[in-house]
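Using the sequences plus the hints, can you model the full thing?
In order, the protein sequence lines correspond to chains A and B.
Using the working numbering, the letters of the first sequence map in sequence onto residues 18 to 289.
Using the working numbering, the letters of the second sequence map in sequence onto residues 7 to 407.
One or more hints might be untrue.
Cβ pair distances, simulated, as ranges [as the list claims (entries may be wrong)]:
| # | chain 1 | residue 1 | chain 2 | residue 2 | range |
| --- | --- | --- | --- | --- | --- |
| 1 | A | Val245 | B | Asn60 | 30 to 40 Å |
| 2 | A | Phe157 | B | Asp62 | 36 to 46 Å |
| 3 | B | Tyr150 | A | Ile249 | 40 to 50 Å |
| 4 | B | Lys251 | A | Gln42 | 52 to 62 Å |
| 5 | B | Lys97 | A | Tyr98 | 52 to 62 Å |
| 6 | A | Lys131 | B | Thr136 | 49 to 59 Å |
| 7 | A | Phe105 | B | Gln43 | 21 to 31 Å |
Since the hints were made in silico from the structure, they are not lab data.
Backbone N, C-alpha and C fix where the C-beta goes; we use that ideal spot for every residue, glycine too.
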Amino acid sequence: MLIDGEEQIDDKSFFRKIPVEQLKQEALDNSFKKAENKNKPKKEIKLPKKKKPILKIGFILIIFGLLLIVILKTNIFPWMYISYDSNFEDVSYDNSYFSNFISNKEDINQTVEKFFSSENSSKLIGLSDQDFFDIPKISFFISIAIIILGSIFSILVIIDKKLNFPLINLYIFQTIFVSFLILIFIYFISILTKFLGGNISIILNSKLINKSLNNANIIFPIPIIVIVILSILMKLCFTVIKSNFKEINIIRNAENENLFLSFRNKKGGTKN
Amino acid sequence: MITNTSDRIKNLLIVLLFFTITTLMLINILPFISISQNEIEIFYNYYLLQNTGNIDTIYYSNNLQTLINIFWVMILLSIISLNGIVISSLKKFYKVTYFLIYFSYPVLFFNIYVIYKLIVICIKVIEDKTLSLSYIFEPFRYCYIILLFLVIMFFVSLSLFLLLTRLLFEYRKNIKEKESIDKKNLTYNTKDLPIKTKNFTESNNKTILKTELLENNINQENKKSDIEAWVKKQTFIKIKNQKLKSNLKDGKPIEKDDKNIGKNEISNIEKPSYILKEQKDVKIKEELKSQNLIEKKSKDIFKDKKTDNIKDSSNHDDKISFDNVLDNVIKKRKEPMENQEIIDSEDKINENKIKKSEEIEQINIKDQIKIKCPKCNFIFPIIKGEKKVKCPNCEKEGVVE
Numbered sequence: 018m019l020i021d022g023e024e025q026i027d028d029k030s031f032f033r034k035i036p037v038e039q040l041k042q043e044a045l046d047n048s049f050k051k052a053e054n055k056n057k058p059k060k061e062i063k064l065p066k067k068k069k070p071i072l073k074i075g076f077i078l079i080i081f082g083l084l085l086i087v088i089l090k091t092n093i094f095p096w097m098y099i100s101y102d103s104n105f106e107d108v109s110y111d112n113s114y115f116s117n118f119i120s121n122k123e124d125i126n127q128t129v130e131k132f133f134s135s136e137n138s139s140k141l142i143g144l145s146d147q148d149f150f151d152i153p154k155i156s157f158f159i160s161i162a163i164i165i166l167g168s169i170f171s172i173l174v175i176i177d178k179k180l181n182f183p184l185i186n187l188y189i190f191q192t193i194f195v196s197f198l199i200l201i202f203i204y205f206i207s208i209l210t211k212f213l214g215g216n217i218s219i220i221l222n223s224k225l226i227n228k229s230l231n232n233a234n235i236i237f238p239i240p241i242i243v244i245v246i247l248s249i250l251m252k253l254c255f256t257v258i259k260s261n262f263k264e265i266n267i268i269r270n271a272e273n274e275n276l277f278l279s280f281r282n283k284k285g286g287t288k289n
Numbered sequence: 007m008i009t010n011t012s013d014r015i016k017n018l019l020i021v022l023l024f025f026t027i028t029t030l031m032l033i034n035i036l037p038f039i040s041i042s043q044n045e046i047e048i049f050y051n052y053y054l055l056q057n058t059g060n061i062d063t064i065y066y067s068n069n070l071q072t073l074i075n076i077f078w079v080m081i082l083l084s085i086i087s088l089n090g091i092v093i094s095s096l097k098k099f100y101k102v103t104y105f106l107i108y109f110s111y112p113v114l115f116f117n118i119y120v121i122y123k124l125i126v127i128c129i130k131v132i133e134d135k136t137l138s139l140s141y142i143f144e145p146f147r148y149c150y151i152i153l154l155f156l157v158i159m160f161f162v163s164l165s166l167f168l169l170l171t172r173l174l175f176e177y178r179k180n181i182k183e184k185e186s187i188d189k190k191n192l193t194y195n196t197k198d199l200p201i202k203t204k205n206f207t208e209s210n211n212k213t214i215l216k217t218e219l220l221e222n223n224i225n226q227e228n229k230k231s232d233i234e235a236w237v238k239k240q241t242f243i244k245i246k247n248q249k250l251k252s253n254l255k256d257g258k259p260i261e262k263d264d265k266n267i268g269k270n271e272i273s274n275i276e277k278p279s280y281i282l283k284e285q286k287d288v289k290i291k292e293e294l295k296s297q298n299l300i301e302k303k304s305k306d307i308f309k310d311k312k313t314d315n316i317k318d319s320s321n322h323d324d325k326i327s328f329d330n331v332l333d334n335v336i337k338k339r340k341e342p343m344e345n346q347e348i349i350d351s352e353d354k355i356n357e358n359k360i361k362k363s364e365e366i367e368q369i370n371i372k373d374q375i376k377i378k379c380p381k382c383n384f385i386f387p388i389i390k391g392e393k394k395v396k397c398p399n400c401e402k403e404g405v406v407e
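In structure tokens form, the structure reads like this:
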């Protein structure tokens, strides 16, 4: 509607402009209030309470160490088993030698002693009598070391109950300790592989060995058993490292979820 | 991204360790060289080669010894880097952990060297007439097993090498981002964020302020409009009176209504109505009444245009009130627009003030929350209470949950 000297006024725009903007502001304020009430700080994500794995490993190490000592020192398994035929008589000999057969020379047959002398056997199977003397000693000390390490782990757990160390620190300590253990195990296995290599060379060089020992069958049971036990322990150590890595990541992520809030899309779609 | 790569590196390191340990054991166990003596083939493994005392075999035993030493070094390096990877998941001591991780970097070179050395040994043995590579059956040699393991190790270490370089780049990128965030933190303002208010309480206060201003302005402008309308009315009456006087001078007859109106209006001029509230209220009531009347009459006017002039001349009161009310209505309609502009300008001034105060007040660290972008995993600080957020890295917008 035109009025003298006055501009045309759009009624609709007038009625929209003021109240709509006011209403918008009020609506915004109300929405913010609601959002404030709704988005109250979330409850902290409770970390799953787990039994500290350090305890288990400590006991496992002690058990395996004791088992190794039992295998090495007692006469359950022979260190060496030989079966051969005599050159002069039609008699076959089956002898099994235990841990300290080198030091007790009364137990050793003369032919066997000759066979394992440094001049002869080292050129046939790569093992000398010195190896039979040294390696059982070293393996005994290593098994004691494993027990000590296991006991250190378990003592740590007892101390942890009083001092309550952070779980992540324990995991890292465990991984470093376990990696040190892996090195020890590799060294232990590499020593014992001498016997395994000897076993293989006995099979391959049977023609040459038969000259000194007729139809000789030589097996080293203890090194094979110990290698199997150590390989199991090694596998366990690797799994421990893997699980530690996972656990630390889980803890870190849980901490991050508590510390760092994530934000979703405006439209409420997927995260990415 | 870093966690994925570090996870891959960890898996590769474990695989690499497995292969290095097995190859080390195989070198110790498997017979490497065979010598034929009196039509009898004698197989020599590493320990046997050491004990033979033959000059020809010493070279091979020494070479195998160096290979075994290299394997030990490789095992040590990979174990150290494995520890580094586990410690890196802490996301602390970055420099130390990354230094530990890169211990496995030279494993690839060692591996290449071992392969080269083994091939050289094999060629030398083949060239030697007295010696031969020990075999299971004629074409298949024992050392080929070791070579196969070494080739697998090479591929594993190559992928490890590539992943480590990738990790290095990611680490550098992260450091740069961190530095940029630290720089930003020093001059971090709420300007960058879509939300204007710093806190909910502030926003609340702001809205209250706005509403107060609006109310005040509306009241003031209403008063103004009333006064102006009254002044206009008075001027209109004056003009009318002048017309009446001029008519009298000309000798035209005076209508009763015209006389009364003039008297009333003049009396009103002497007593200014904007001072007296009661009078104002009465006026407003009159205006409202007249508005209703006008609305009714205006409809009739538009129906019969011919009768307009007659009616206009006959109803002076209605005409006056109609014009006044129209003026009022138009002004009232204009005024809010002006008011809004004024309010907006005031708001802008207030906002600027708030922004300036916010700029001056650098945000305390306590008021900040670190937030992680779900798209690029970029962590950046925001102020407590912020809802709408924009990632400075990938510019992803979102709402804080």
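Results of checking the hints against the structure:
1. A:Val245 - B:Asn60: 30 to 40 Å: holds, 34 Å
2. A:Phe157 - B:Asp62: 36 to 46 Å: Holds: the Cβ-Cβ distance is about 38 Å, inside 36 to 46 Å.
3. B:Tyr150 - A:Ile249: 40 to 50 Å: violated, 29 Å
4. B:Lys251 - A:Gln42: 52 to 62 Å: With a Cβ separation near 54 Å, B:Lys251 and A:Gln42 satisfy 52 to 62 Å, so the hint holds.
5. B:Lys97 - A:Tyr98: 52 to 62 Å: Since B:Lys97 and A:Tyr98 have Cβ atoms about 55 Å apart, the given range 52 to 62 Å holds.
6. A:Lys131 - B:Thr136: 49 to 59 Å: Hint violated: Cβ distance 28 Å, outside 49 to 59 Å.
7. A:Phe105 - B:Gln43: 21 to 31 Å: holds, 26 Å
Hints 3, 6 from the earlier list are contradicted by this structure; the remaining hints agree with it.
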